[in-house]
Each structure stands twice: as C-alpha cells, then as structure tokens.
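Produce the entire structure from the sequences given, and follow the hints as far as they go.
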Amino acid sequence: MAEQSCLVDNDWICGEYLSTRGQELVDATLQHIGITLASVAIGLLVAFPLALLARARRGVRGPVLGLTTVFYAIPSLAMFSLLVPVLGLSVSVVVTGLVLYSLTILVRNILAGLAAVPEEAREAARGMGYGPVRLLFGVELPLALPALMAGLRIATVSTVSLTTIGAIIGYGGLGNLVLSGLRSYFKAQVLTASVLCVLLAVVADVVLLLVQRLLTPWTRTRRRRAPRAGAAKTPAGQAVA
Amino acid sequence: MDVVERTWTWLATGAHWTGGDGVWHRLDQHLYLTAVSLLISCAVALPVAVVLGHLGRGGALAVNLSNVGRAVPTFAVLVLLLLSPLGQYGSWPTVIALVLFAIPPVLTNAYVGMREVDRDMVEAARGMGMTGPQVVARVELPLAFPLIMTGVRSAAVQIVATATLAALAGGGGLGRVITAGFRLTDTAQVVAGALLVAVFALLVEGVFVLLARLLDPVRRRAGRTAGKVAPTPVSDV
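If you're matching them up, the sequences are chains A and B in order. Count the first sequence with the UniProt record's numbering and you get residues 1 to 241, in order. Count the second sequence with the UniProt record's numbering and you get residues 1 to 237, in order.
Everything labelled a hint here was simulated from the structure, so no lab data went into it. Model, not experiment: these values are computed from the prediction. Using N, Cα and C, we set each Cβ at its ideal position, and we do this for glycine too.
Coverage of chain B stretches by chain A, computed from C-beta distances (three or more under 8 Å per stretch; other residues unrestricted):
hint: 1; stretch: 80 to 89
hint: 2; stretch: 187 to 193
Calculated Cβ distances over 12 Å to all of chain B for the following chain A residues:
hint: 3; residue: S5
hint: 4; residue: L53
hint: 5; residue: G131
hint: 6; residue: Q212
Okay, here's the thing in structure tokens:
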C-alpha cells in the first residue's frame with residue numbers, strides 16, 4: 001500500500017508541509033517578529049516620557065492612566081478596524097493598535113517602579129550633588145528596572161499573541177497563516193503557525209528575563225528577601241484578545 | 001470627515017439593526033456567549049482559588065497560569081478548536097476557548113485576594129473559635145471581595161473582546177458586523193461595528209466596576225455603621 005501524503009490526508013502534524021512551505025513560515029515569522037519589535041519599542045519610547053510626566057504632575061496622572069485603561073478595554077478587532085480609516089490598510093494600523101495596548105502595562109509598571117525607589121537612595125544621591133537628570137538615569141531608573149522589565153515582559157508576550165489579529169488586514173504575521181488555514185481547512189498550517197506563535201512568545205520572555213538579569217546583577221543577592229515586588233504588584237493579568 | 005458621516009448614516013439606518021445579520025441579533029449572540037462563558041469560568045475557577053487561597057497552596061500555579069494565558073494567542077486557539085472534532089458542536093468551541101482564557105484572571109485574582117487578607121485578622125477569627133469554612137465565609141471572602149471582583153471584571157472584558165474574534169472564525173457576535181464590513185469593503189460598516197463593539201466592551205467594564213462597588217460587603221457594612229453612628233455626636237474625639 002502506497003504511503004498517503006499527509007497533505008492529502010490533512011493531518012494536524014505534517015512534515016511535508018514544513019519542507020514544502022518552509023519559506024512561507026519563515027516570512028510570516030519574520031513579519032511577526034518585526035511587528036512585535038516595532039510595537040514594543042515604540043510603546044516603550046512613548047510610555048517612558050508619559051510615565052515621567054504622570055509622575056511629575058498629579059493632574060496628568062489621572063487622565064493618562066484612565067485613557068490607557070480605556071484603550072485596554074477596546075477589543076483588538078475593533079481597535080484595528082477603528083484605525084483603518086485613519087491610517088489606511090497598512091502595517092502601521094497593527095503597530096499603532098499594539099502600541100496603544102502596551103502603553104497600559106508599561107506606563108503603570110514604570111510608575112510603580114519609580115514609586116518604589118527608596119527615598120533614602122534619592123536623598124543620598126541629592127546629597128552627593130546629583131542633578132535631577134543624573135538622579136533619574138543614574139539612581140532611580142536602575143532601581144526601577146525590575147518593575148520596568150516585568151512590565152516589558154508582559155507587554156511583549158501579549159503583543160506577540162495579539163499580533164495574530166492583524167490578520168484581518170493582512171498584517172498578522174503567523175496570524176495570516178492561521179486565518180488562511182481556517183478558510184481552507186488546512187490543519188497542519190493552523191497548528192504549525194499556532195505553535196510557532198507560542199514558541200515566539202516564550203523565547204521573547206526568556207530573552208527579556210536574561211536581559212533583566214544582566215542589567216540588574218545586584219537583585220540576585222537580595223532576591224530571597226524581596227521577591228520581585230514590582231512584578232507581584234502588576235494589575236490583574238489580562239490580555240485583551 | 002466623510003467616514004464619520006457615513007458611519008452615522010449606517011448606524012441610523014434601521015434596516016441594519018434588524019434581521020439575522022442585524023445589530024440586535026449579533027448583540028444578543030454576544031451577550032449569550034459572554035454570559036455563558038463567564039458563568040462557567042467563575043464556577044470552575046472561584047471555588048478552586050478560594051480553597052487554594054485559604055490553604056495557602058498553589059501560588060505558583062495561579063501565577064504561572066496567568067502567564068501562560070498571556071502567551072497563547074486566543075485567535076489561534078479558537079481556530080484550532082473549530083478545526084478539531086469539537087467544531088461540529090455549534091458555539092461550544094467558542095465557549096470553551098472563552099472559558100479557557102477567562103479562567104486565569106479569575107483564578108489569579110481570587111487567589112491573590114484570599115492570600116492578601118491580613119493574617120492577624122485570620123488569626124483573630126480563629127482565636128474566636130471560628131472553623132475553617134467560617135473563616136472563609138465571614139473573614140477572608142468579604143475582605144478579598146474587591147480583588148475577586150477585579151478578576152471577574154477582567155475576565156468579563158476579556159470574554160467580550162475574545163467573543164469578537166469568534167466572528168473572524170465564522171462565529172456569531174458583534175464582531176460579525178466588522179468582518180462583514182471588511183468583506184463588503186464598506187468602511188462605514190467596519191467603523192460602525194468597531195464602535196459598537198468598543199462601546200459594548202466599555203459598558204461591560206463599567207457595569208462590573210459599579211457592581212463591585214455596590215456589592216462590596218466591607219463597604220456596605222461600613223456604610224451601615226456610619227449611617228447609624230453619624231447622628232450621635234461623639235464628644236470625646
């Protein structure tokens with residue numbers, strides 16, 4: 001009896017799919033990584049000054065936190081669709097939407113991290129003649145790094161999984177393969193793309209964890225007494241689908 | 001802006017609200033999916049979280065579960081379930097996907113809420129001779145209530161958002177207005193659908209914020225005592 005091709009059988013796991021459509025998978029993965037990286041990087045660039053502003057002025061704090069929370073409650077399908085008339089059918093729609101989502105987590109965590117900096121550390125630095133800028137970058141920011149990185153990890157992982165929704169306008173990275181796989185009832189494609197997506201999230205999380213450990217060598221000796229206070233205080237874990 | 005005007009016209013057209021593809025029908029489906037999934041996830045997650053939180057076990061499970069939940073792409077799970085043999089059973093694949101994604105926030109928040117109750121209070125309650133279930137019912141649950149409600153609210157909003165995605169996979173719900181708009185390349189309908197979904201999600205969020213306030217047992221008790229005490233002037237303070 002001749003071996004039936006798993007493509008013909010429409011199996012969930014199919015080696016032939018990997019070998020014949022490898023390029024398609026690589027392209028989708030690269031698009032996925034590109035969109036995620038761009039969104040998180042822009043998110044961080046926007047969130048940092050926003051958090052500083054929110055910290056400096058009480059009047060700004062409420063609206064900033066309120067607005068980012070409202071963004072977070074908007075379903076992704078609606079978010080991307082609302083941005084289409086403004087930005088046209090382009091990759092910037094997906095990136096903008098993802099940036100708006102990441103702001104909620106990033107701003108909150110940066111604020112929490114900065115607030116957790118001990119007052120004595122600030123006083124000591126001021127006593128040593130540190131100006132506000134040097135105080136921020138030399139003392140406060142390094143001490144706030146664990147909380148900031150915790151936020152960055154959450155934002156990155158949820159951005160990886162939210163990128164898939166970009167498929168509705170054709171810029172969903174691996175999500176494109178999931179959607180087209182659904183339409184053609186192609187099981188191997190859906191499963192492979194889904195697994196790759198989860199792997200991508202896990203790899204990104206591990207990489208960021210390593211970066212955090214490299215950047216904050218001093219936390220390792222203290223960890224037993226203070227187990228990642230910043231991470232524990234993050235508001236209820238949720239990823240808006 | 002032209003789009004705004006056309007969106008308004010779309011929304012103001014009565015024909016778009018009635019019938020099988022109408023807004024009312026889609027809203028009905030969305031509400032049904034949300035309610036069923038939320039009830040199932042609370043029924044599954046809350047008892048587990050309360051027991052684990054009371055015993056002080058399974059903290060790693062609660063935290064890891066919520067982390068894993070974030071990493072798994074909702075949309076992919078939805079499609080995987082639809083393509084699996086479950087796909088034949090109407091809206092059940094959607095409900096199962098929604099429940100899977102709603103359990104982590106409910107479980108994690110309820111667990112953390114139970115753990116964060118002041119240990120001194122629990123000790124005091126035990127000292128007064130309360131049994132385990134009594135401590136849970138009279139001390140831990142009322143004090144953990146705000147955090148438990150935060151978890152339920154997150155879950156509800158998440159379910160509303162995820163139920164929107166069901167439309168991408170051919171299911172019902174408000175998302176269908178958007179996906180149908182995309183197929184017809186009708187920008188006004190896409191924007192109208194997105195607005196409806198966004199408003200619905202924010203409404204659900206708002207309703208749960210209100211519910212949490214109204215039902216909070218500690219706040220209610222405080223309110224009652226305050227009402228009783230207020231009229232009598234306290235001289236020695």
